[in-house]
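S.K.: Construct all of the structure, not just a fragment, from the sequences and the given hints.
2 protein chains.
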Amino acid sequence: MATEPARLTAKGRATRDRIVGVASELMLTQGVARTTIEDIQREASVSASQLYHYFADKHALVHAVIERQTTDVLGFQRLALDRLDSFAALQEWRDMAVAVMEQRNCTGGCPLGTLASELAETDPAARDELATSFGRWEKLLRDGLAAMRTRGELVPEADPDRLALALLAAVQGGLLLSQTRRDSLPLEVALDTSIAYVRTFAPSNWGSGQRVG
Amino acid sequence: MATEPARLTAKGRATRDRIVGVASELMLTQGVARTTIEDIQREASVSASQLYHYFADKHALVHAVIERQTTDVLGFQRLALDRLDSFAALQEWRDMAVAVMEQRNCTGGCPLGTLASELAETDPAARDELATSFGRWEKLLRDGLAAMRTRGELVPEADPDRLALALLAAVQGGLLLSQTRRDSLPLEVALDTSIAYVRTFAPSNWGSGQRVG
Chain Y
1 MATEPARLTA KGRATRDRIV GVASELMLTQ GVARTTIEDI QREASVSASQ
51 LYHYFADKHA LVHAVIERQT TDVLGFQRLA LDRLDSFAAL QEWRDMAVAV
101 MEQRNCTGGC PLGTLASELA ETDPAARDEL ATSFGRWEKL LRDGLAAMRT
151 RGELVPEADP DRLALALLAA VQGGLLLSQT RRDSLPLEVA LDTSIAYVRT
201 FAPSNWGSGQ RVG
Chain G
1 MATEPARLTA KGRATRDRIV GVASELMLTQ GVARTTIEDI QREASVSASQ
51 LYHYFADKHA LVHAVIERQT TDVLGFQRLA LDRLDSFAAL QEWRDMAVAV
101 MEQRNCTGGC PLGTLASELA ETDPAARDEL ATSFGRWEKL LRDGLAAMRT
151 RGELVPEADP DRLALALLAA VQGGLLLSQT RRDSLPLEVA LDTSIAYVRT
201 FAPSNWGSGQ RVG
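Going down the list, the sequences are from chains Y and G.
According to full-length UniProt numbering, the residues represented by the first sequence are 1 to 213, in order.
According to full-length UniProt numbering, the residues represented by the second sequence are 1 to 213, in order.
If you are wondering where the hints come from, they were derived from the structure by calculation, not from laboratory data.
The model shown is predicted, which means the values in this text are computed figures rather than measured ones.
Even glycine gets a Cβ: it sits at the ideal position worked out from N, Cα and C.
Certain hints may be false.
Part of the chain G face toward chain Y, derived, beta carbon under 8 Å [as the list claims (entries may be wrong)]:
hint : residue
1    : L26
2    : T29
3    : Q41
4    : R42
5    : A44
6    : S47
7    : G108
8    : E118
9    : L130
10   : A170
11   : V189
12   : A190
13   : P203
M.R.: Okay, here's the thing in structure tokens:
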């Protein structure tokens, strides 16, 4: 059994953190399959016995990487989404996502999306964890949209569940296409159009468009 | 240099096809990194010398898999999209995509998306090829939307470039989330909302929604 972070000393936590950081970097750039325990050990400058003190096996490392990436991604969302009480906040969230992607020249996709795509068919536990992570992200979006509806910034016909899922799919698809094309345009268009769709549920815009099936 | 398909006899083409089929299956389910030449050789029941007669190395196999998957995915799109001259056709395309995903119990994502996510940071040639494949897919969508606009089924303000990219991102994001959740709902919602957004550009729905920035 590997040692849980809660039981570690400050120094132990720092070492564990460093290992998870290195594992994240390697697994996200070269893939989980291509990343060996030895790679991580070498890059993190730890001995095998140190590494195994914290992580029983590669599965435990993958689990820790998913946990870390979930915290990071949701933390990033919260920067904008704790204040998701307006279209301005949604726009800011969009701008932040595009800026981050441009900063790294469109290399790398969403860490959760990348891990999900690689692991969905080979690691059922990882797939489950990632589904939960996406669910938490979706909930952040849904809660914001629901608050907007409650305050009347969206009409009662707006469905926060569906709109949140549409926004999350747009981010994921947009990031994957931007990563593949090395161009932020797909992400921009995916977010702009899905936010524009949310906007059709603003009282001032609410018209015939949504009622035609 | 590996032998190009055009130079092969019918029997040679059949063998090559079988190898590409096996390589596709393995690379898409277990990942490119986890798939060895030996795996493919064994599963396709060919000797090493036979395999190397057709493919110089693993890169050549990856290239052939991308080519095959692009043909398959675009062929599938064309089933619906050659007739993308109405919202009914878009709806049919959506229904087909959802039906296929349900048929396989939401296992596997888009072959092109899966390959792009795994290879974007490790195989620049594959990334380029996949960007081209996505571009061809986007063009199918764009041509259909442009035709609808020409015929007045979309208002002149509709931008086929942006709408096509939004639809493609929605499919990619929706498939990834559906694969991860093993639930077709994300794909359904992503496609329904992005088609609903296209519908806001139909002359009968064209209202204030699109003009509020």
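S.K.: Should the interface hint for Q41 of chain G be scored as holding, given a Cβ-Cβ cut-off of 8 Å against chain Y?
M.R.: violated, 19 Å
S.K.: Report holds or violated for the interface hint on V189 of chain G, using the least CB-CB distance to chain Y and a cut-off of 8 Å.
M.R.: For V189 of chain G, the interface hint holds, since the closest Cβ of chain Y sits about 4 Å away, which is under 8 Å.
S.K.: Does A44 of chain G pass the interface check with chain Y, least Cβ-Cβ distance below 8 Å?
M.R.: violated, 20 Å
S.K.: Given a cut of 8 Å on the nearest C-beta pair, is the interface hint for G108 of chain G held or broken against chain Y?
M.R.: holds, 7 Å
S.K.: With 8 Å as the cut and Cβ atoms as the points, is A170 of chain G at the interface with chain Y?
M.R.: Because about 6 Å separates A170 of chain G from the closest Cβ in chain Y, which is inside the 8 Å limit, the hint holds.
S.K.: If you take the shortest Cβ to Cβ gap from T29 of chain G to chain Y, is it below 8 Å?
M.R.: holds, 5 Å
S.K.: Would you check whether L26 of chain G satisfies its interface hint, that is, whether its CB is within less than 8 Å of any CB in chain Y?
M.R.: L26 of chain G check fails; min Cβ-Cβ to chain Y is 11 Å, beyond 8 Å.
S.K.: Does the closest beta carbon of chain Y sit nearer than 8 Å to the beta carbon of S47 of chain G?
M.R.: Check failed: Cβ of S47 of chain G comes no nearer than 26 Å to chain Y, outside 8 Å.
S.K.: Per the CB criterion, is A190 of chain G less than 8 Å away from chain Y?
M.R.: holds, 4 Å
S.K.: Holds or violated: is there a CB of chain Y closer than 8 Å to the CB of L130 of chain G?
M.R.: holds, 5 Å
S.K.: Please verify that hint: P203 of chain G, Cβ, nearest Cβ of chain Y, below 8 Å or not.
M.R.: violated, 11 Å
S.K.: Hint validation: E118 of chain G versus chain Y, beta carbon distance must be below 8 Å. Holds or violated?
M.R.: Constraint on E118 of chain G satisfied, holds at 6 Å.
The structure is inconsistent with the numbered hints 1, 3, 4, 5, 6, 13, although it conforms to all the rest.
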